[in-house]
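S.K.: Turn these sequences into a full structure, and let the hints guide you.
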Amino acid sequence: QVQMVQSGTEVKKPGASVTVSCGASGYTFSNYGFTWVRQAPGQGLEWMGWISAYNGNTKYAQKFQGRVTVTADTSTSTVYLEMRSLRYDDTAVYYCVRDGYCTTTSCYSNALDIWGQGTMVAVSS
Amino acid sequence: DIQMTQSPSSVSASVGDRVTITCRASQGISNSLAWYQQKPGKAPNLLIYGASTLYSGVSSRFSGSGSGTDFTLTISSLQPEDFATYYCQQANSFPRTFGQGTKVDI
Chain A
23 QVQMVQSGTE
33 VKKPGASVTV
43 SCGASGYTFS
53 NYGFTWVRQA
63 PGQGLEWMGW
73 ISAYNGNTKY
83 AQKFQGRVTV
93 TADTSTSTVY
103 LEMRSLRYDD
113 TAVYYCVRDG
123 YCTTTSCYSN
133 ALDIWGQGTM
143 VAVSS
Chain B
711 DIQMTQSPSS
721 VSASVGDRVT
731 ITCRASQGIS
741 NSLAWYQQKP
751 GKAPNLLIYG
761 ASTLYSGVSS
771 RFSGSGSGTD
781 FTLTISSLQP
791 EDFATYYCQQ
801 ANSFPRTFGQ
811 GTKVDI
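Just so you know, the sequences run in chain order A and B.
Every number in my numbering is 22 more than the matching position in the first sequence, counting from 1.
Every number in my numbering is 710 more than the matching position in the second sequence, counting from 1.
Note that these hints are calculated values from the structure, not bench results.
Each statement offered as a hint is correct.
Derived pair list, reagent style EDC-like, types lysine to aspartate or glutamate, alpha-carbon separation capped at 16 Å:
#1 Lys35/A with Asp112/A
#2 Lys85/A with Asp711/B
#3 Lys752/B with Asp135/A
#4 Lys81/A with Asp711/B
M.R.: This is how it looks when you write it as structure tokens:
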């Protein structure tokens, strides 16, 4: 079964760090790219960053550059999102999503096709 | 960055209605446009990719069209399970960007 399963709810204090994990199954993990998207309460979808599990290349939204790190572990088929210096407005649901098929030359994406169930990260004192 | 602008932001409709949502990109993206449906408390689901290709398992009452900068999602005959929020997203380049969403309610 093709799916992505994320880690559970996190509650953090301002200034702390959080790591959210996302396990992929049902397909060859290293052939794909993966994106992280977040959604604050009552708000729309916000793209954060992307990684190629094929070669580890990453892309980040300028807003999160330097504060967010996306990594991929091909031995466990898991993608990670680390966010540092958490603020109250980082409170959101964080989604990992499969994004693009990767070859030796490039990654090709038509859409974000397989979504994790979402991880709630609450920042509260 | 490519800005995606959806309209309307919300639409009230009835079962059986035809509903059309538009999405405009700030620059040409060929056909690299996807549509998603999201219900409250759930992750979004992919409906259409490549501007007009229906994703596996998605009802044929959903259709997409457009190329370049202007795109449309049409629901031909609204069903009770279609009341949700819909997002467009450009897959042409990084950073990926989404429209602000269109809420379809009764």
